[in-house]
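Guided by the hints, dock chain B onto chain A, whose structure is given.
Sequences listed follow chains A and B, in order.
Note that my numbering has the first sequence beginning at 1, numbered continuously upward.
Note that my numbering has the second sequence beginning at 321, numbered continuously upward.
It cannot be assumed that every hint is accurate.
[To be verified] Reference excerpt, derived from the structure (chain B facing chain A, CB under 8 angstroms, subset only):
#1 484
#2 522
#3 556
#4 558
#5 561
#6 589
[Unchecked claim] Keeping only pairs whose Cα atoms sit at most 20 angstroms apart, straight-line, the calculated SDA-like set for lysine to any residue is:
#7 A:128 with B:522
#8 B:445 with B:472
#9 A:141 with B:519
#10 B:589 with A:139
#11 A:141 with B:560
#12 A:141 with B:552
#13 B:589 with A:153
#14 A:141 with B:522
#15 B:376 with B:351
#16 A:141 with B:547
#17 A:141 with B:565
#18 A:141 with B:550
#19 B:589 with A:156
#20 A:141 with B:521
#21 B:589 with A:132
#22 B:589 with A:134
#23 A:216 with A:298
#24 B:511 with B:570
#25 A:141 with B:441
#26 B:589 with A:154
#27 B:589 with A:136
#28 A:141 with B:563
#29 A:141 with B:439
#30 A:141 with B:465
#31 A:141 with B:564
#32 B:589 with A:155
#33 B:589 with A:143
#34 A:141 with B:586
#35 A:141 with B:438
These aren't lab readings, by the way, just hints derived from the structure by calculation.
On a predicted model such as this, the values are computed, not experimentally measured, just so you know.
Glycine included, every Cβ here is placed at the ideal spot set by N, Cα and C.
Listed below are the residues making up each chain.
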Amino acid sequence: MTAPSTLLRNGVVIDETFAEAFPMKATRILITAHNMAWARHAAVSATGFATSVIACGCEAGIEREIAPEESPDGRPGVSVLMFSMSGKELAKQLERRVGQCVLTCPTTAVFAGLPRSAPGSDVAALGKNLRFFGDGWQISKVIDGLRYWRVPVMDGEFVAQEDTPVVKAVGGGNLLLLARDTDAALAAAEAAVAAMKRQPNVVMPFPGGVVRSGSKVGSRYANLNASTNDAFCPSLVGLVAHSELAGGACAQEIGCVMEIVIDGLTEADVGAAMRVGMEAAIAIGPAGGLLRISAGNYGGKLGPFHFHLHKLLGAAGGAP
Amino acid sequence: MSGWHFRLRQAPSLRVDLRGITPAAFAELSLAQVEQLRVGHGNAMLPLAELFDVAKGTEEGTLRFEGDLGRFDRIGWQMDGGHIRVEGDAGHYAGGCMRGGELQIDGSAGLLAACEMAGGTIDVKGDVGDFAASTLPGSMDGMRGGTLVIHGNAGERFGDRMRRGSALVHGDAGAFLGSRMVAGTIAVGGKAGAHAGYGMRRGSIVFAGPGAAPPAGIETALTFVPNRTATPVFWALLSRDLARHGGPFAALPSRRIERHLGDLSADGKGELIMCL
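If we strip away everything but chain B, and leave its shape as in the complex, we get:
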């Protein structure tokens, strides 16, 4: 499997659907075959060569996209191995339903990034829009495995219906963080909007910012209860794992925590962890 380099010719007039463009799909293809692979452009199908200058890459198993791909959706869709690097922004559904491999986005991603992700790693240097790590509309389970790291900020309903895996936001997160969460771990380095953990059944949401205050409304919310019980073993395991990602998470193993348990209107086994 060799690598490929795609340099964007110019921004397309309509949105482009890049589903199917994964390292595995390129394993045995020649340059001519790659150039003729067709992707959706609005209602039509276009060969890749009309959108990109295609060349052999230097990194084995890596698809490298150069340019602003803000109008390119479903980058890394259902990817199950290899490496995709986007040297710019990505559109909606980036890393959606991904099962393995690594997706690196040097810019920001649109809506529904990592939705229903089941494995692998996604690293976004910029921001992500609403519904990252959540469900596809109408689906029951959101992110269900793997690791998602956002170095910027996240939009609203981050981790909606999340079931498994780890999702980290170095910056701020919008309202309804971890809403209807079933399990898994969310960690936020900055501030979170209102209604964090709304309807969560299980799972952990860690607020790692300096002197992290409980999210708005938690102190008075009837559906979360403060808990003073020491959980040193769990916290040692989790904090060491989160600390690997640096930034606001680096010092977590040495910080004290306070927990609020809930949402009692759901299953009550979730926890909001404030790092003091």
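Looking at chain A on its own, in the form it has when it is part of the complex:
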């Protein structure tokens, strides 16, 4: 899968490979509440079980917290990014998640977080269908050209913007952090995720931003369309026909691999997040147990977005 490593940064080998990402549809919603704690409760619930489109329907995460001064209603809030493979599936997931996790959460309101779309471009319903929960008591209100729905609920009213723009996005950017042991792999992954979370327009949808079950396409079992990435499983070195951990520098020292998956609104956003993630991990270096950084790809067959690690780090490739 990868060519021999040729780039060394702070003692960490950077594989000459690329992360392969694919097109998705995305939206951003802003969840506000009486205080940040309740906004966070709603956002955590709405983004729960949204790690991978393989089985969750969408990938979602909390992008950042929003101060009252920058939120639509002057209350604290949380920005959430949600990604799916189609606009239709995204709309379905959005309605379910906002309906079950935001509408139900005390004091919340929900707004579109992307700029108003051009006429004819995609939108997904936000309050448009949830309004029917009001059982006829719901009220529409157009303010400054935007339609909101006011749905009576037991703590007052739930306000939701009518719809939210849907844009083309990029899913599946990734980094593989190859470390000496679990402690080292977690430390590197946590540092990388912390740095990437400071980047706008991206989320890392897996728990804590980290996934230990990196996957390959397909399986020996007919009913599975993805299975464990055996080439990067330290426990399978010497057993599988091809292991990425079997040869090359420091191969024998690698005992634990963690992956970070990145979804972003644009290719540039994903690339920028991968770069700062790598830099944070590289700073830990071999002294902290991080030995090598690689990325997952399927020979270029999965998607059109290829994030070459050497290019992201500003190296032409070839020079250590």
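What follows is chain B alone, placed relative to chain A:
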């Protein structure tokens, strides 16, 4: 599209109907053609040049009228873009059925201003007569979009059957404010006459005057019920939007509100909002 300047020669003896005189209609016309455009004067038709000194204007897409146009009706009628400025009073139906663009009246307007307006912005520095932002006689829907701002006072039945859009009155409003209102937003900076919200089905009427008291009769009206429920999100969105217009509305985001819901004899989903 160039601009045009119309200076009134003298007040006409009969009322003049200015329908059709919009920026879009002037887009490709020469000075001679503009001067020969005919408008209704009583039962007759007159060329514009008999009423105005016509000249090319300096502002692109703007029709500028200079003089007292109190006898000129239907200024900006069905206008859908561009800018009309009246440097004086306007007659009846100003901005009627307007769909877009901007109408600015430096003086006052007559009856039925902004009736059935559907889009754009109308700004009246003076007063408007009765039935502003309402329906044409016999029609079902009043104002149905856009923004109407009155810096002076409004007459009676302001916003009758209003369905959508925002209508603001910096001064006082007459009786039957927002009567039979279907939806939309009305905000009044001064006092309102009796029977505000009579027969309203939905929509919001905001009383923004200092220490605004409920309009006469509301406290004892059987068809409006007081409501204490907190609606901070809705009020934050609406008050910030209204505050853009300054004057009595500027401080709305920081003020507490009380609501009365009704009219229960209609649909009961309207609200009268008193800003404390």
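**Q.** Unmet hints by their number, sorted upward, for this structure
**A.** none
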